[in-house]
Amino acid sequence: MKYYFRLGFVLLVITVVASGILAYLNSITKPIIDENNRIAKEEARLHVLPEAVSFDSIFVYNDENVYQGKNDAGDVVGYTFVASQYGYSSDVKTMVGVLPDFKINKISIIEQKETPGLGANCEKPEFLQRFDNLSEQGLLVDKDGGGLKSITGATMTTRAIAYSIKDGLEELKEKVDEEK
Amino acid sequence: MEFVSKIFAMAIVAIFVQNFVLMRFLGLCPYIGVSKKLDSALGMGMAVIFVMTMASTFTWLIQSYLLVPLKLEFLQTIAFILTIASLVQLVEIIIQKTAPALYKALGMFLPLITTNCAVLGVAILNINEEYSFIEAILNGFFAGLGFTLVLILMAGIREKLDKSEIPASMKGMPIAMIVAGCMALAFLGFSGLKI
Amino acid sequence: MKLMKEFTKGFIKENPVFVMALGLCPTLAVTTSVENAIGMGFAATFVLVFSNIFISLIKNFIPAKVRIPAYIVVIASFVTIIDMVMHAFVPALHKNLGLFIPLIVVNCIILGRAEAFAGKNNVIRSIFDGLGMGIGFTIAIIVIGAIREILGAGQLLGFDVLPQTYKPVLVAILAPGAFLVMGLLMGLMNLKKK
Numbered sequence: 006m007k008y009y010f011r012l013g014f015v016l017l018v019i020t021v022v023a024s025g026i027l028a029y030l031n032s033i034t035k036p037i038i039d040e041n042n043r044i045a046k047e048e049a050r051l052h053v054l055p056e057a058v059s060f061d062s063i064f065v066y067n068d069e070n071v072y073q074g075k076n077d078a079g080d081v082v083g084y085t086f087v088a089s090q091y092g093y094s095s096d097v098k099t100m101v102g103v104l105p106d107f108k109i110n111k112i113s114i115i116e117q118k119e120t121p122g123l124g125a126n127c128e129k130p131e132f133l134q135r136f137d138n139l140s141e142q143g144l145l146v147d148k149d150g151g152g153l154k155s156i157t158g159a160t161m162t163t164r165a166i167a168y169s170i171k172d173g174l175e176e177l178k179e180k181v182d183e184e185k
Numbered sequence: 117m118e119f120v121s122k123i124f125a126m127a128i129v130a131i132f133v134q135n136f137v138l139m140r141f142l143g144l145c146p147y148i149g150v151s152k153k154l155d156s157a158l159g160m161g162m163a164v165i166f167v168m169t170m171a172s173t174f175t176w177l178i179q180s181y182l183l184v185p186l187k188l189e190f191l192q193t194i195a196f197i198l199t200i201a202s203l204v205q206l207v208e209i210i211i212q213k214t215a216p217a218l219y220k221a222l223g224m225f226l227p228l229i230t231t232n233c234a235v236l237g238v239a240i241l242n243i244n245e246e247y248s249f250i251e252a253i254l255n256g257f258f259a260g261l262g263f264t265l266v267l268i269l270m271a272g273i274r275e276k277l278d279k280s281e282i283p284a285s286m287k288g289m290p291i292a293m294i295v296a297g298c299m300a301l302a303f304l305g306f307s308g309l310k311i
Numbered sequence: 004m005k006l007m008k009e010f011t012k013g014f015i016k017e018n019p020v021f022v023m024a025l026g027l028c029p030t031l032a033v034t035t036s037v038e039n040a041i042g043m044g045f046a047a048t049f050v051l052v053f054s055n056i057f058i059s060l061i062k063n064f065i066p067a068k069v070r071i072p073a074y075i076v077v078i079a080s081f082v083t084i085i086d087m088v089m090h091a092f093v094p095a096l097h098k099n100l101g102l103f104i105p106l107i108v109v110n111c112i113i114l115g116r117a118e119a120f121a122g123k124n125n126v127i128r129s130i131f132d133g134l135g136m137g138i139g140f141t142i143a144i145i146v147i148g149a150i151r152e153i154l155g156a157g158q159l160l161g162f163d164v165l166p167q168t169y170k171p172v173l174v175a176i177l178a179p180g181a182f183l184v185m186g187l188l189m190g191l192m193n194l195k196k197k
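Chains P, W and R supply the protein sequences, listed in that same order. Counting in my numbering, the first sequence tops out at residue 185, every number present. Counting in my numbering, the second sequence tops out at residue 311, every number present. Counting in my numbering, the third sequence tops out at residue 197, every number present.
What the hints contain is simulated information worked out from the structure, not anything from laboratory work. Accuracy of the hints is not assured; some may be wrong.
What the hints assert, rightly or not - Below, simulated DSS-like cross-link-like pairs (lysine-lysine); rule was C-alpha separation at most 25 Å, straight line:
no., chain 1, residue 1, chain 2, residue 2
1, P, 118, P, 46
2, W, 152, R, 196
3, P, 35, R, 98
4, W, 287, R, 16
5, P, 98, P, 46
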């Protein structure tokens, strides 16, 4: 009986010591991780809407905040939102910067696990540039009769990006018009 | 009805599209190690399905009712691996006492399962994917099923391979890897399935 | 002199990946690029060295019956530490390695060394053993990563190394490529041994 107590006691001691050390390290790294995430999101927003100096959340779309970007003078210079849709083998998440006339300013991919060499090419600037200055009507992939050139061998990835942005734009337009 | 189709889609993804062994690279050690004979592959497969389902159940409960409310998420890895290790022990003792025949068939595989990364893998994936309780259990079951499927296929191929002429330096592990590569190529055909 | 042997045996003679075929999951999963391989190798070496040190220090206090669970707790703690540190300071790499950082816990190399070496030897020798095995693991996955990255993307560490006219063999960075490259390398090792 005493032997089994000793077994339990040794394991308990090890686990308690380990948890204590981890709790301490967690208290150090957690704020850094949160801060990193915050900075990463802010940089992603600034990247697609460089003219803005401040961002205010205006509503929530797809579990993510939609922001209104303002410049120094307090004028609205555009909006950012996160579009997301299942592509070929993963959810493709895109950060979209929109100008006040609801034309796309710039987009960037924030998350994707598509096929390397095919769908994963959606992160390349040559592809991302195709979205600059597009309006809602322009978001139609060439395979569906539109003018947006898809990634070679990855039409499904292109569709996911284009149509998720289109849905987001529609939602944004509706919400912003309501405000007015 | 929507629930049924969602479950069906989950099964297809876990077994074929994102097969744990061939696409996610989880559980490779038993996949290569225990695939020499068909009957031991079958035994290992059954044991893994059982443990993966149980592990999904318990780790989900621990995460949702213990770690999250107490804000101890950072202890996830320790808590999960200990849960799995004790679960395997428990299962071993229970089977030994209640079903000696089953124990004889599965017994030798059970200790190996603790270090099977597919088990810990499915437990963590269930949490990362934010599955509900039922979804987590089913995901564990389907993932185990996918593992068993490719394990048995592999064992069948390797039993035949033993009788064929292979360059001496490729015998054993190397050729098993090449065969696994060919199987992965075949399974690649499932990705992109619209479900 | 003996220490040197403990250190270098993991490089080739007892290479954990090619010779002992341990830790296959991370070996195949994260070797889509050299960068990922280096990150994984570093994380695994860290865990290997520190768990070896601790297990060798506390081995006399642990009753034989609870040896394995005790080892697992020690290993899991170091895995959690490296997980948190990488998440905080190299978030991009942490995201790429994803699930395979917590899965270092069940990497057979680490528990294997704890059981076969650190549980029986003193601290200094355990450090050298852990370091050597870790480096052997890292070398192995960097080699695989390099082959896959060059063939599959025409790049090395993200820089183009092959002429623009080279058409990447995509399959090398997809899942099947991992198995094929690994199988051929193991065959090559066998050929050399004879």
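> Are the Cα atoms of residue 35 of chain P and residue 98 of chain R separated by 25 Å or less?
Replying inline: With a Cα-Cα distance of about 16 Å, the restraint between residue 35 of chain P and residue 98 of chain R holds, given a limit of 25 Å.
> Do the alpha carbons of residue 118 of chain P and residue 46 of chain P lie within 25 Å of each other, as the hint requires?
Replying inline: The hint holds at about 19 Å.
> Is the hinted pair residue 287 of chain W and residue 16 of chain R satisfied, with a Cα-Cα distance of at most 25 Å?
Replying inline: Within the cut-off at roughly 20 Å; holds.
>> Just to be careful, I want the Cα atoms of residue 98 of chain P and residue 46 of chain P compared with a cutoff of 25 Å; is the pair within it?
In response: It holds: about 13 Å lies between the C-alpha atoms, which stays within 25 Å.
> Are the Cα atoms of residue 152 of chain W and residue 196 of chain R separated by 25 Å or less?
Replying inline: holds, 24 Å
Every hint from the earlier list agrees with this structure, and none is contradicted.
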